[in-house]
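Undergrad: Based on the hints, put chain B in the right spot on chain A.
Heads up: the protein sequence lines correspond to chains A and B, in order. Final position of the first sequence in my numbering is 50; the numbers increase by one with none missing. Final position of the second sequence in my numbering is 301; the numbers increase by one with none missing.
Note that these hints are calculated values from the structure, not bench results. By construction, the Cβ of each residue, glycine as well, lies at the ideal position given by its N, Cα and C atoms. There could be a bad hint or two in this list.
Unchecked claim - Here are the simulated distance ranges between beta carbons: (1) B:GLN271 - A:LEU32: 37 to 43 Å; (2) A:VAL44 - B:PHE259: 52 to 58 Å; (3) A:CYS36 - B:VAL132: 28 to 34 Å; (4) B:TRP117 - A:THR43: 15 to 21 Å; (5) B:ILE283 - A:CYS36: 34 to 40 Å; (6) A:GLY34 - B:GLN271: 47 to 53 Å; (7) B:LEU255 - A:GLY34: 40 to 46 Å; (8) A:GLU13 - B:PHE259: 25 to 31 Å; (9) A:PRO8 - B:ALA266: 35 to 41 Å; (10) B:VAL132 - A:PHE39: 25 to 31 Å.
Claimed, not checked - Listed below are several chain B residues computed to face chain A (Cβ distance under 7 Å; list not exhaustive): (11) ILE44; (12) ASN116; (13) LEU118.
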Amino acid sequence: MTTPDQRPFTVEETRLIRERQASRSKILAVLLIGMCVLFFGITVAKIGYW
Amino acid sequence: MTSVTRDIILPADWRDFWALTKPRVMSLVVFTALCGLLAAPGDIHPVIAFTAILCIAAGAGASGALNQYYEYDIDAMMARTANRPLPAGRMDRQAALHFGVGLAGFSVVIMGMAVNWLSAAMLAFSIFFYAVVYTIWLKRFTQQNIVIGGAAGAFPPIIGWAAVTGDVTLLPVLLFAIIFLWTPPHFWALALFMKADYAAAGVPMLPVVSGRRATRNQIFAYSFPMAAAAIAPYALGMTSWVYGTAAALLSIIFLVFAFAVWRNEATEASQMAPEKRLFSYSILYLFLLFAIFAGDRMLML
Chain A
1 MTTPDQRPFT
11 VEETRLIRER
21 QASRSKILAV
31 LLIGMCVLFF
41 GITVAKIGYW
Chain B
1 MTSVTRDIIL
11 PADWRDFWAL
21 TKPRVMSLVV
31 FTALCGLLAA
41 PGDIHPVIAF
51 TAILCIAAGA
61 GASGALNQYY
71 EYDIDAMMAR
81 TANRPLPAGR
91 MDRQAALHFG
101 VGLAGFSVVI
111 MGMAVNWLSA
121 AMLAFSIFFY
131 AVVYTIWLKR
141 FTQQNIVIGG
151 AAGAFPPIIG
161 WAAVTGDVTL
171 LPVLLFAIIF
181 LWTPPHFWAL
191 ALFMKADYAA
201 AGVPMLPVVS
211 GRRATRNQIF
221 AYSFPMAAAA
231 IAPYALGMTS
241 WVYGTAAALL
251 SIIFLVFAFA
261 VWRNEATEAS
271 QMAPEKRLFS
281 YSILYLFLLF
291 AIFAGDRMLM
301 L
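If we strip away everything but chain A, and leave its shape as in the complex, we get:
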């Protein structure tokens, strides 16, 4: 069994993780906005406003 590496992240490692997190966050934001627009559209279509 190997012991986990407890050393703190290097600057390069931290940058890579932050970049990946930021990329995923942007996609999630776009998807959430898209879902809001979709639900709004469905609601308006269902109540027969359009």
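TA: Here is chain B on its own, set in the frame of chain A:
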């Protein structure tokens, strides 16, 4: 997940989640579902129609993700699939499972609430059929895996139809039959020239278990009921002569290519030009057949 300079686990990239949905398969699913939706009699609000197609796409993506979650071991053994996110080690299996289940739940619930519960039930059943019946029960255990499993890919036009009408009649069942009968020749043509890959992974595809001759016989045999199913909508008076003529011509070409496969005795993939040609043409065949069908029905309605 990706190792950096030591055991640092990076969160999976969004592109890997996208790859998990099998975008190319999803595009054919979306296309056939759209054709079913456009061919159905009755009106549907454009926003609801868009939602229905989105849910069908998400359901297909969920099926692909759950399939890759379960098949990560055999994907790693085949050159064609070794670079997928899970076998390549770019993603944690648990993330793939959560993504697949979440996407499946989302697609079915939104479909039910926004469109109708019949189409939602069929979407749920098709996801279950692909992820469980085909992936877990059939694929590793029987040479008939893609014959029965083909039903999962045949559901989208029925779901698209049901999204508009709220019911299922003979015509969408015929669309189901076309894709169901098209699936074996399509996948067996691929399996013939990818036999070594499937054998290495221990997947009991027909060429691996019963040999190339039996597979070529089956491809040719399946092409006839497939052609009959393709022409049936016209023969039963549900389309105009435009679709009938196109279906007949496209099916004759399919039969000619299937005949060339039947006559071929090659054992090396490099000599399997007829098989590769049939595989490529089968995709074009389904695309053109459904496009002309939808166009024909829209002009008739």
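Undergrad: For the pair VAL132 (chain B) and PHE39 (chain A), does the Cβ-Cβ distance stay inside 25 to 31 Å?
TA: holds, 30 Å
Undergrad: Within 34 to 40 Å: is that where the Cβ-Cβ distance between ILE283 (chain B) and CYS36 (chain A) falls?
TA: holds, 36 Å
Undergrad: Between VAL44 (chain A) and PHE259 (chain B), is the Cβ distance one that fits in 52 to 58 Å?
TA: Since the Cβ atoms of VAL44 (chain A) and PHE259 (chain B) sit about 54 Å apart, the hinted range of 52 to 58 Å holds.
Undergrad: For the hint on ILE44 (chain B), just tell me whether its beta-carbon gets within less than 7 Å of chain A.
TA: Constraint on ILE44 (chain B) not satisfied, violated at 10 Å.
Undergrad: Evaluate the given range 40 to 46 Å for the C-beta pair formed by LEU255 (chain B) and GLY34 (chain A).
TA: Taking Cβ atoms as reference, LEU255 (chain B) and GLY34 (chain A) lie about 44 Å apart, which means the hint holds.
Undergrad: Does the nearest C-beta of chain A fall within a distance shorter than 7 Å of the C-beta of ASN116 (chain B)?
TA: This interface hint is violated because 12 Å lies over the 7 Å limit.
Undergrad: May I ask you to test the hint 35 to 41 Å on the CB atoms belonging to PRO8 (chain A) and ALA266 (chain B)?
TA: Cβ of PRO8 (chain A) to Cβ of ALA266 (chain B): about 59 Å, so the range 35 to 41 Å is violated.
Undergrad: Should the interface hint for LEU118 (chain B) be scored as holding, given a Cβ-Cβ cut-off of 7 Å against chain A?
TA: violated, 17 Å
Undergrad: Has the hinted range 15 to 21 Å been met by the Cβ atoms of TRP117 (chain B) and THR43 (chain A)?
TA: At roughly 18 Å between Cβ atoms, THR43 (chain A) and TRP117 (chain B) fall inside 15 to 21 Å, so the hint holds.
Undergrad: Is 37 to 43 Å a correct range for the gap between the Cβ atoms of GLN271 (chain B) and LEU32 (chain A)?
TA: Violated, since GLN271 (chain B) and LEU32 (chain A) (Cβ atoms, about 52 Å apart) do not stay within the stated range.
Undergrad: Between GLY34 (chain A) and GLN271 (chain B), does the C-beta distance stay in 47 to 53 Å?
TA: holds, 49 Å
Undergrad: Does the Cβ distance between GLU13 (chain A) and PHE259 (chain B) fall inside 25 to 31 Å?
TA: Since the Cβ atoms of GLU13 (chain A) and PHE259 (chain B) sit about 59 Å apart, the hinted range of 25 to 31 Å is violated.
The earlier numbered hints that this structure contradicts are 1, 8, 9, 11, 12 and 13.
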